[in-house]
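Novice: These protein sequences, in sequence, are chains A and B.
For the first sequence, position 92 matches number 92 in full-length UniProt numbering, and the numbering has no gaps at all.
For the second sequence, position 137 matches number 137 in full-length UniProt numbering, and the numbering has no gaps at all.
Simulated from the structure, these hints should not be mistaken for lab results.
Note that this is a predicted model, so its numbers are computed, not measured.
Heads up, a few of these hints could be off.
[As the list claims (entries may be wrong)] Derived pair list, reagent style EDC-like, types lysine to aspartate or glutamate, alpha-carbon separation capped at 20 Å:
#1 B/K162 with B/D173
#2 A/K265 with A/D180
#3 B/K8 with A/E217
#4 A/K35 with B/E175
#5 B/K185 with B/E170
#6 B/K169 with B/D101
#7 A/K35 with B/D173
#8 A/K281 with A/D93
#9 B/K162 with A/D36
#10 B/K169 with A/D36
#11 A/K265 with B/E235
[Stated by the list, open to error] Beta-carbon label-pair distances, calculated as ranges:
#12 A/F228 with B/V261: 32 to 40 Å
#13 A/K125 with B/S219: 47 to 55 Å
#14 B/A166 with A/S239: 31 to 39 Å
#15 B/L54 with A/S210: 44 to 52 Å
#16 B/F260 with A/E217: 28 to 36 Å
#17 B/S219 with A/S239: 48 to 56 Å
#18 B/F260 with A/L127: 13 to 21 Å
#19 B/D173 with A/L127: 49 to 57 Å
#20 B/G47 with A/I130: 36 to 44 Å
#21 B/F260 with A/G176: 34 to 42 Å
[What the hints assert, rightly or not] Beyond 10 Å from chain A on every Cβ pair, some chain B residues (computed):
#22 D61
#23 E175
#24 L177
Glycine included, C-beta positions come from ideal geometry on N, C-alpha and C.
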Amino acid sequence: MLKSPASGSSTAPINQAETKAKIEASEKDFSLNAKDKYYALLFLGPSLLILGVFIFYPMFKTLYLSLFLTNTVGKPTVFVGLSNYINLLTSADYLNSLAVTMVYVLAVTALTIALGLLLASLASKKLAGIGIFRTLFSSTMGVSVSVAAIFWLFIFNPSTGFLSLVSTWLHLPMIGWLTDPMWAMVAVIITTVWMNLGFTFLILFGAIQSVPTTLYEAASIEGASSRFQFFHITIPSISPTLFFVSIVTLIDGFKSFGLIDLMTKGGPTNATNMLVYRIYKDAFYSGNFAQASAESLILTVIIALFTLLQFKVLEKRVNY
Amino acid sequence: MNVVAKPKLARNIGSYLLLTVLALVVLAPFFIGLWTSFLPTMQIAKGNFLSTDLSFQNYIDAFTQTPILHYLGNSLVISTVTMFAQLLFCSMSAYAFVFLDFKYKRSLFVLVLATMMLPFEAEIIPNFSTVKAMGLLNSYSVMIIPFLTSAFGIFMLRQSFKQMPAELKEAADIEGLGHLQFYWKIVMPYNRIPLITLGAYSFLGAWNQYLWPMLTTFSNSFRPVQNGLRQLQSEETFNDWGMIQATAAIVVIPTLIVLFVGQHYFKSGANEGAVK
Numbered sequence: 001m002l003k004s005p006a007s008g009s010s011t012a013p014i015n016q017a018e019t020k021a022k023i024e025a026s027e028k029d030f031s032l033n034a035k036d037k038y039y040a041l042l043f044l045g046p047s048l049l050i051l052g053v054f055i056f057y058p059m060f061k062t063l064y065l066s067l068f069l070t071n072t073v074g075k076p077t078v079f080v081g082l083s084n085y086i087n088l089l090t091s092a093d094y095l096n097s098l099a100v101t102m103v104y105v106l107a108v109t110a111l112t113i114a115l116g117l118l119l120a121s122l123a124s125k126k127l128a129g130i131g132i133f134r135t136l137f138s139s140t141m142g143v144s145v146s147v148a149a150i151f152w153l154f155i156f157n158p159s160t161g162f163l164s165l166v167s168t169w170l171h172l173p174m175i176g177w178l179t180d181p182m183w184a185m186v187a188v189i190i191t192t193v194w195m196n197l198g199f200t201f202l203i204l205f206g207a208i209q210s211v212p213t214t215l216y217e218a219a220s221i222e223g224a225s226s227r228f229q230f231f232h233i234t235i236p237s238i239s240p241t242l243f244f245v246s247i248v249t250l251i252d253g254f255k256s257f258g259l260i261d262l263m264t265k266g267g268p269t270n271a272t273n274m275l276v277y278r279i280y281k282d283a284f285y286s287g288n289f290a291q292a293s294a295e296s297l298i299l300t301v302i303i304a305l306f307t308l309l310q311f312k313v314l315e316k317r318v319n320y
Numbered sequence: 001m002n003v004v005a006k007p008k009l010a011r012n013i014g015s016y017l018l019l020t021v022l023a024l025v026v027l028a029p030f031f032i033g034l035w036t037s038f039l040p041t042m043q044i045a046k047g048n049f050l051s052t053d054l055s056f057q058n059y060i061d062a063f064t065q066t067p068i069l070h071y072l073g074n075s076l077v078i079s080t081v082t083m084f085a086q087l088l089f090c091s092m093s094a095y096a097f098v099f100l101d102f103k104y105k106r107s108l109f110v111l112v113l114a115t116m117m118l119p120f121e122a123e124i125i126p127n128f129s130t131v132k133a134m135g136l137l138n139s140y141s142v143m144i145i146p147f148l149t150s151a152f153g154i155f156m157l158r159q160s161f162k163q164m165p166a167e168l169k170e171a172a173d174i175e176g177l178g179h180l181q182f183y184w185k186i187v188m189p190y191n192r193i194p195l196i197t198l199g200a201y202s203f204l205g206a207w208n209q210y211l212w213p214m215l216t217t218f219s220n221s222f223r224p225v226q227n228g229l230r231q232l233q234s235e236e237t238f239n240d241w242g243m244i245q246a247t248a249a250i251v252v253i254p255t256l257i258v259l260f261v262g263q264h265y266f267k268s269g270a271n272e273g274a275v276k
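All chains should be built: construct the whole structure from the sequences, respecting the hints.
Specialist: Okay, here's the thing in structure tokens:
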């Protein structure tokens, strides 16, 4: 759930941009007291303790475990160096997981951004009662993962589901949603995009609102069509936000677990066996903690890379 | 205006039509779910989706035959405690990074930032061993303690605290306010909007937890609502679609009301933040 807050903070500093020098100067003004270090311990201690125990220590422990073989209770037995990694990266099964995760993440991000942009630009029109549509478009933000799964599991249900009913009414061929490997992936993608839409819409809508209206007025006087205005004013003006939302959606996609567990359990035939689901299965079902640790570390590297990219964007925006 | 532009009315009708169609598509899963929650499972199983045999029976069954209210209660406790803990510990840490002077301040801040790159999902194996060793399995604490603070919250509040006018601190020093007083009486009230935002996000974050509670809770006494709904589906009620949809509606309706009401406040909050 990092995604929502991250973008919240990204918009704030823009409004109150301050030069770096000024910030540093004021930081110096604030430092007066030699007793500060005791206060620092008091104020910072609890957070550092929690982050240390539940974020830092486990990362090193995961790295350590990934270099060993482990027994069934997860205790390391034999040091094997990088062979867990080599086994993973040469296993067709794991490469399949990497590939399906990539497909899922890219499809979800592209569709979420495209649809979010469509809704946001339509909702930015100055029409009477447009506020109602804004509220409705953001409504999927209030849907948690298990509720979304129930809604869509019924829609995709092969025997009594809504889509199979519609297919019967319209005499269309039945699609094996959730039972056919390809369609199961499509079903999971649709559900994820639907869940993401409310949040993405709100962020992109906010960004479009903050584009100076004078730009549009000038373009209208020049006789630019609204399509031209959208591609040559709106999109470039909100590109930092677009990029930011894309990365947040990507990272969230890599961490997907709940929907997979609720909708497909990684199946059929591993078609939706994504990285986190795999870690969970390998560790807590098969008891292969060493391999699951190596998988965890690979996931960490992927997410760390995208987070760094996100920091870069954030940094740019702070110094806007 | 463009000479070839269509008459305004026709264009507006087109926009409304498109907006309505899209709104219907976005809302369809809600409507379908809500509709089936009023149908007897018998009718759903027979494919009589348009049956008019509507009743509240599924809701009565859900309340009386499933621990759905208990699940909701668990989630409410976990999310509320997590939210207040994060507000406290994140703001305290942010305060230290902005208003205190101590050794290794910059390195420690970079270290906190670095934790944002490490996904909790990739650390479940050692974390499971840790909470097991602490004897926390199957309790509220196991779902709260690892999330008492958040690197993101610290970062976000630090950004806000840094933007406070320096005169406030100077005035506080003249008044003789210590750090504790300045933190509690000046910094916290001044930053109520970022604090409310962080509160909303940390509450939602805890509410939407799925993997961690699934690993660490085994009984309905502590199971939060996300995993509770999964539990109901995995039991024999799986094909009782009417009741399953009723439980989903019971969970989602309060959230939607809060969202719709809250959006008004969030909007004014965002504006206030912009003007400040």
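Novice: Does each hint hold? Answer for all of them.
Specialist: Now the hints, each set against the structure:
no., hint, in the structure
1, B/K162 with B/D173, "holds, 17 Å"
2, A/K265 with A/D180, "holds, 13 Å"
3, B/K8 with A/E217, "holds, 17 Å"
4, A/K35 with B/E175, "holds, 18 Å"
5, B/K185 with B/E170, "holds, 14 Å"
6, B/K169 with B/D101, "holds, 14 Å"
7, A/K35 with B/D173, "holds, 14 Å"
8, A/K281 with A/D93, "holds, 13 Å"
9, B/K162 with A/D36, "holds, 17 Å"
10, B/K169 with A/D36, "holds, 15 Å"
11, A/K265 with B/E235, "holds, 16 Å"
12, A/F228 with B/V261: 32 to 40 Å, "holds, 39 Å"
13, A/K125 with B/S219: 47 to 55 Å, "holds, 52 Å"
14, B/A166 with A/S239: 31 to 39 Å, "holds, 33 Å"
15, B/L54 with A/S210: 44 to 52 Å, "holds, 45 Å"
16, B/F260 with A/E217: 28 to 36 Å, "holds, 33 Å"
17, B/S219 with A/S239: 48 to 56 Å, "holds, 49 Å"
18, B/F260 with A/L127: 13 to 21 Å, "holds, 20 Å"
19, B/D173 with A/L127: 49 to 57 Å, "holds, 53 Å"
20, B/G47 with A/I130: 36 to 44 Å, "holds, 38 Å"
21, B/F260 with A/G176: 34 to 42 Å, "holds, 37 Å"
22, D61, "holds, 15 Å"
23, E175, "holds, 14 Å"
24, L177, "holds, 12 Å"
The structure meets every hint from the earlier list without exception.
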